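Visitor: So the sequences go chain by chain: A and B. If you count by this note's numbering, then the first sequence holds residues 5 to 265, one letter each, in order. If you count by this note's numbering, then the second sequence holds residues 71 to 331, one letter each, in order.
Everything labelled a hint here was simulated from the structure, so no lab data went into it. Every value quoted in this text rests on a predicted model; they were computed, and no experiment measured them. Incorrect hints may have been included.
[What the hints assert, rightly or not] Some, not all, of what chain B presents toward chain A, calculated at C-beta under 8 Å:
| # | residue |
| --- | --- |
| 1 | L125 |
| 2 | E145 |
| 3 | R156 |
| 4 | S157 |
| 5 | R173 |
| 6 | W204 |
Each residue gets a CB set at the ideal place from its N, CA and C atoms; glycine is no exception.
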Amino acid sequence: MRAPRRPLRILGVGLEIAVPIAVLVLWAVLSRDGSSFYFPPLLDIFRTFQETWLFTRVGSDVVPSLARLLTGYAIAVVAAVVIGVALGSSHLLRRMVDPVVQFLRAIPPPVLIPAGILVLGVNSTMKVALIAFVCFWPVLLNTIDGVDGVDPTLRETARSFHIRRRDRLFRVVLPSAAPQIFAGARVSLALAVIMMVVSEMVASTNGIGYFVLQSQRTYAITEMWSGILLLAILGYALNGLFLLVERQVLKWHRGVRAGSV
Amino acid sequence: MLRVEHLRKVYGEGTRRPFEAVADLSVTVAEHEFVSIVGPSGAGKTTLLKCVAGLLPQTSGAVYLDDEEVIGPPEKMALVFQDYSRSLYPWMTVQDNIAFPLRRRKLGKAATRELIQDTLRSVGLGEAGAKYPWQLSGGMQQRVAIARALAYQPEILLMDEPFASVDAQTRADLEDLVLDLRDRYGITILFVTHDIDEAVYLSDRVVVLTPAPTRVAEIVDVPLARPRDQVETKEQPEFAHLRAYVWRSIKRPEHAATASV
Numbered sequence: 005m006r007a008p009r010r011p012l013r014i015l016g017v018g019l020e021i022a023v024p025i026a027v028l029v030l031w032a033v034l035s036r037d038g039s040s041f042y043f044p045p046l047l048d049i050f051r052t053f054q055e056t057w058l059f060t061r062v063g064s065d066v067v068p069s070l071a072r073l074l075t076g077y078a079i080a081v082v083a084a085v086v087i088g089v090a091l092g093s094s095h096l097l098r099r100m101v102d103p104v105v106q107f108l109r110a111i112p113p114p115v116l117i118p119a120g121i122l123v124l125g126v127n128s129t130m131k132v133a134l135i136a137f138v139c140f141w142p143v144l145l146n147t148i149d150g151v152d153g154v155d156p157t158l159r160e161t162a163r164s165f166h167i168r169r170r171d172r173l174f175r176v177v178l179p180s181a182a183p184q185i186f187a188g189a190r191v192s193l194a195l196a197v198i199m200m201v202v203s204e205m206v207a208s209t210n211g212i213g214y215f216v217l218q219s220q221r222t223y224a225i226t227e228m229w230s231g232i233l234l235l236a237i238l239g240y241a242l243n244g245l246f247l248l249v250e251r252q253v254l255k256w257h258r259g260v261r262a263g264s265v
Numbered sequence: 071m072l073r074v075e076h077l078r079k080v081y082g083e084g085t086r087r088p089f090e091a092v093a094d095l096s097v098t099v100a101e102h103e104f105v106s107i108v109g110p111s112g113a114g115k116t117t118l119l120k121c122v123a124g125l126l127p128q129t130s131g132a133v134y135l136d137d138e139e140v141i142g143p144p145e146k147m148a149l150v151f152q153d154y155s156r157s158l159y160p161w162m163t164v165q166d167n168i169a170f171p172l173r174r175r176k177l178g179k180a181a182t183r184e185l186i187q188d189t190l191r192s193v194g195l196g197e198a199g200a201k202y203p204w205q206l207s208g209g210m211q212q213r214v215a216i217a218r219a220l221a222y223q224p225e226i227l228l229m230d231e232p233f234a235s236v237d238a239q240t241r242a243d244l245e246d247l248v249l250d251l252r253d254r255y256g257i258t259i260l261f262v263t264h265d266i267d268e269a270v271y272l273s274d275r276v277v278v279l280t281p282a283p284t285r286v287a288e289i290v291d292v293p294l295a296r297p298r299d300q301v302e303t304k305e306q307p308e309f310a311h312l313r314a315y316v317w318r319s320i321k322r323p324e325h326a327a328t329a330s331v
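I would like the entire structure built from these sequences, with the hints used as guidance.
Guide: Here it is, written out as structure tokens:
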């Protein structure tokens with residue numbers, strides 16, 4: 005794809021910044037008289053946001069939430085890549101495991117919370133385990149696909165040059181599968197945020213999800229909105245961070261695609 | 071010396087519709103010799119090459135390299151595939167691609183770097199080491215693949231239609247490059263092509279194959295003087311004669327049924 009011409013690009017960047025600002029202004033204007041109990045003035049939400057999240061409740065709610073999110077996510081990605089490489093390398097193994105994978109993956113994750121509470125209790129371990137469970141599947145399926153799809157010519161080249169097993173895994177198979185692994189990991193990241201919030205709403209004494217639900221129950225509507233705002237910002241930031249890493253790791257992939265078009 | 075003795079390859083043996091790609095094929099390639107293999111499309115040329123390279127187990131018969139039976143890819147052999155865009159690793163720079171097969175040889179950093187630079191220079195790409203394959207043209211990528219094979223320091227080079235996907239001018243340049251490198255590095259070359267002109271121009275001998283199930287239809291000696299020249303060699307009556315001879319040999323209908331030498 006060719007880069008658009010300069011004036012068009014400036015227009016694009018301008019709109020990218022202008023549209024969110026316009027939305028915020030519209031929100032602020034429509035809510036400014038505070039006539040609706042459920043939609044407090046945006047400026048009040050900002051003030052509450054600042055009082056609550058900068059940085060009073062960071063230690064008590066944000067850090068525990070993020071720690072659970074990242075731990076669960078990391079466990080899932082590592083486990084899914086390891087198992088995915090094994091399954092992707094063996095047709096027999098994959099055929100054996102596939103029904104189980106499809107079955108487990110079909111379970112709507114929140115429904116596991118009651119079972120998780122029973123087995124693991126109302127604690128961080130349960131939440132981390134649930135986040136990991138949810139994040140595992142997209143990465144697993146994509147890794148299997150990516151490993152299975154490594155170009156046969158690349159494999160034969162490696163064989164004919166006697167590339168060692170370790171090098172074949174880390175320098176041929178994994179890089180080749182990386183674009184798909186990243187695609188799966190990105191889906192999982194969004195799921196991780198959802199699962200973090202849901203698990204905190206059902207069984208928790210801290211965390212951002214707990215805070216939002218607690219605020220709603222005590223009619224602290226401004227607080228509730230400030231929590232929602234924080235979650236949106238976190239999700240946005242996490243995704244942006246992810247894209248930054250992906251762009252760096254998959255620089256070659258973008259180059260190949262740009263070259264072949 | 072490379073010896074192929076009564077090689078036979080049947081795909082899908084034991085299934086309801088087995089396919090006999092290679093029926094019975096014997097050929098010998100002497101040291102420093104340049105032998106081309108030509109045949110009608112579907113003549114099992116690539117099958118033959120993969121068996122010789124130790125990448126595909128034959129059904130019966132054997133391949134010997136210096137009197138040692140080929141079971142897996144031999145250490146003294148390097149391959150250049152037709153599809154350079156799929157045999158070079160797009161996540162590695164040109165020099166990393168060349169260095170990759172050398173990793174396990176532990177030549178030391180300086181010696182490796184020197185070897186890479188030497189081979190890159192000898193294929194006319196002295197400045198391209200830090201680039202990625204996808205930043206280069208097709209002809210340059212194939213040069214990188216040839217440089218990688220040379221740096222591996224093989225006794226014999228197998229080339230599977232290496233110039234089939236580059237334009238005519240680049241192709242002529244690459245043909246002369248290969249002839250030049252053969253003299254300089256003293257390697258044996260087994261060259262698969264469907265281009266009769268190319269086969270006659272490059273080779274000491276041309277092996278003509280029958281359609282599948284493949285046998286050797288004929289082996290044609292090419293007594294053209296060396297060094298060869300794209301213009302002078304090709305304007306010789308002898309060149310025209312040989313090329314017509316090989317052409318007829320390929321088209322001869324009786325080969326399809328019972329040819330043997």
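Visitor: Hints first: check each against the structure and report whether it holds.
Guide: Hints versus structure:
1. Hint status for L125 (chain B): holds, given a least beta-carbon distance of 5 Å to chain A, under 8 Å.
2. Residue-level restraint check for E145 (chain B) holds (minimum Cβ-Cβ distance to chain A is 7 Å; threshold 8 Å).
3. Below 8 Å, beta-carbon pairs count as interface contacts, and R156 (chain B) has one with chain A at about 4 Å; its hint therefore holds.
4. Hint status for S157 (chain B): holds, given a least beta-carbon distance of 5 Å to chain A, under 8 Å.
5. Interface restraint check for R173 (chain B): the shortest CB-CB distance to chain A comes to about 6 Å, inside 8 Å, so the restraint holds.
6. Taking 8 Å as the C-beta contact cut-off toward chain A, the hint placing W204 (chain B) at the interface holds, the least distance being around 4 Å.
Of the numbered hints stated above, none is contradicted by the structure.
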